[in-house]
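Peer 1: Assemble chain B onto chain A, guided by the hints.
Protein sequences, first through last, are from chains A and B. Straight run, no breaks: the first sequence in our numbering ends on number 421. Straight run, no breaks: the second sequence in our numbering ends on number 213.
Calculated from the structure, these hints are not laboratory results. All values reported here derive from a predicted model rather than from experimental measurement. Certain hints may be false.
[Claimed, not checked] Computed Cβ-Cβ distance ranges for the label pairs, DEER-style:
hint: 1; chain 1: B; residue 1: Arg193; chain 2: A; residue 2: His121; range: 31 to 41 Å
hint: 2; chain 1: B; residue 1: Gly94; chain 2: A; residue 2: Leu129; range: 52 to 62 Å
hint: 3; chain 1: B; residue 1: Gly169; chain 2: A; residue 2: His121; range: 19 to 29 Å
hint: 4; chain 1: A; residue 1: Glu350; chain 2: B; residue 2: Gly52; range: 39 to 49 Å
hint: 5; chain 1: A; residue 1: Lys420; chain 2: B; residue 2: Gln50; range: 26 to 36 Å
hint: 6; chain 1: B; residue 1: Gly169; chain 2: A; residue 2: Arg341; range: 20 to 30 Å
hint: 7; chain 1: B; residue 1: Gly169; chain 2: A; residue 2: Thr117; range: 56 to 66 Å
hint: 8; chain 1: B; residue 1: Asn81; chain 2: A; residue 2: Val236; range: 47 to 57 Å
Cβ atoms here follow ideal geometry from the backbone N, Cα and C, with glycine treated the same way.
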Amino acid sequence: MTDRKLQATAFAVSLAMLTTGEHAVAQSTSELEARVEAGGVMSSHMGTLPLNAIAVTPGLRYASKRLSISGRGSAWQSGTHWQLGNASAALEANTPLLYGVRAEVMANASRLFFDPTSQNHQVDAEGRLHFMRNRGGFWLGSGVARPLRVAAVQSVNVSSGGMWTKFGPATVRGSVTSFFFTKATSPDSAQPVENSAPCPAPASVDAISSGVRTLSSTATTGCRHQSRLTDLEASVRWEHRLVELTVRGGQRFGDSFDVTPESRQWASGQAAIWLTNKLAAVAGGGREPAQPTRGLPARSFASLGMMLAYWPIPRGVVPVETPLSLIRAFEVRPAGTSLQRFTARIGGVETVEIMGDFTGWDPVQLIRRGRDHWELLFPVASGIHQINLRIDGGQWIAPPGVPSVKDGFNGEVGVLVIEKQ
Amino acid sequence: MRVLLVRAVWVLLICAVQNSTAVAQDHDPLVRLDPTVRHAVAVMLDSARQAGLPTAPIESKVFEGLSKKVHSRRILAAARNVYESLRLARAALGKDASTDELTAGAGALRVGVTTAELANLARGQREKLLTVPLVVLADLVTRGVPRDTASQTIFQLWQRGAGDDDFYGLWRGVERDIVSGTAPGVALLARAREIPSRVPPQGTPPASGTRPE
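Only chain A is shown next, with the shape it has when bound in the complex:
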């Protein structure tokens, strides 16, 4: 590992920072989610042959109003034997949302496995302050990462900031993450970083462009270098009915001592197509930058497989506080003469029903069209109507996104005004 060019950053840390932005958005109910992915993965980086493996990745996530715990691990089979691949465990805790502000604390322990000679473990913790509205927000964060069994780097200080916004079915995120760490080169890998002398500054332009050669010239005595990397990353997540797409790309800034050309830019994509409400085909691929704090090189990867997902809500164990928070969206749109299309985005439930004066106050079930997409075409005359919605046979509620009033029976009812077509 020490012989290889070390041009990397805590990519997993920045990835976690990007994805947890979505978790922080108003999750006021408890849920349990289990997933298993199985498929093929290919990984390659400079100086090694590509690794092809079959991977099975189970994952579990429990989320309540203030706390989220998740774990994920993959078993890779390459050749004749199985071994542990990537794995992670995460804990997130957050405060209530008050005037659009929420504080969050995250702790992660992760293992990254590229091949038997490139693997690393790390623990990290970060605090974030989120400012959020219904369709967007931004955050500021600060934390520390501690790569394990990497003598060249002992601890990494991380500062981050980002923003996100929704455009219809798409969520766009951007983030800036800065990593500050001290890196040492020493013929004696057991020598602590702080015992090394500072590395000499490059004397010429040629030396600047070959920062590694400068380090190498002091290889016999060892030296330490204050490194700073800044990653600028953007991602777009698009969900429509049965398809979920995520595309991300990034640009790294830092001096050539820390960043080599193949780690300046990266891009990757992931897709999931839901074949049933629990089974999806997943594919991904792209380029990941090097992670110098973890001693991992840049790599290209591709994966293809199937995912089985299950969202049971064990009401006896995990109390569901309010079904309204399960509903991500509810819409009523014209769909032809006298027909209205009722659509809802509700995950982790078995049945969704509506009733109103246009159904004679008889419950009518919506049809599941995807993982969390529900739909119904129903004739509704123009004029003013009342509507209620029910999840899993529970209480009738006024659907979100529709004006509502008290129903006179200690509940609420939504009021729809259907225009003449």
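Peer 2: Okay, now just chain B, sitting in the frame of chain A:
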């Protein structure tokens, strides 16, 4: 023989009438109500018809209560509430008010809007229907916006020519602000300021190419 035949026909006729009554009762959802309550609802519906009021909202409230498995007495109270509010809405909005406007106005009255405030709205410009403004008004008061603030704001926007899209946009914005922690009244006033006036100032010459009336 003839006597027997006549008696058989009478028996068949009586059986047919009874059967049709039984079928009608099976298909009448009101049969699930307590008999006393059912009679009271029937009288109420008849009174509404005689007064020229729409009966659909009253029947709808009864069916809603039955579907939500509410006690008959509570259903009767809710139905009476709807009937009274329709009657007052008719008085406030006038005879020209449409069924939808009456239903929406009755809903606003039931959440505490006064008949005077409703009449005020009706005196404004009547080129468009009042249905959506009244629905939004009722929702805002339900969410905690002070009644007089809500009524005044909706009236001013109505006078300034705000359309249905403006009112829906106002409602969505206020809902988001309330969820984010803003006081309901403050949220409404702030969002209302964002809606421009859609009524041209008086004395403005007509646009070129149009014939002045």
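Peer 1: Indicate, hint by hint, whether the structure satisfies it.
Peer 2: Checked hints:
no. : hint                              : in the structure
1   : Arg193(B) x His121(A): 31 to 41 Å : violated (56 Å)
2   : Gly94(B) x Leu129(A): 52 to 62 Å  : holds (55 Å)
3   : Gly169(B) x His121(A): 19 to 29 Å : violated (52 Å)
4   : Glu350(A) x Gly52(B): 39 to 49 Å  : holds (47 Å)
5   : Lys420(A) x Gln50(B): 26 to 36 Å  : holds (29 Å)
6   : Gly169(B) x Arg341(A): 20 to 30 Å : holds (22 Å)
7   : Gly169(B) x Thr117(A): 56 to 66 Å : holds (59 Å)
8   : Asn81(B) x Val236(A): 47 to 57 Å  : holds (50 Å)
The earlier numbered hints that this structure contradicts are 1, 3.
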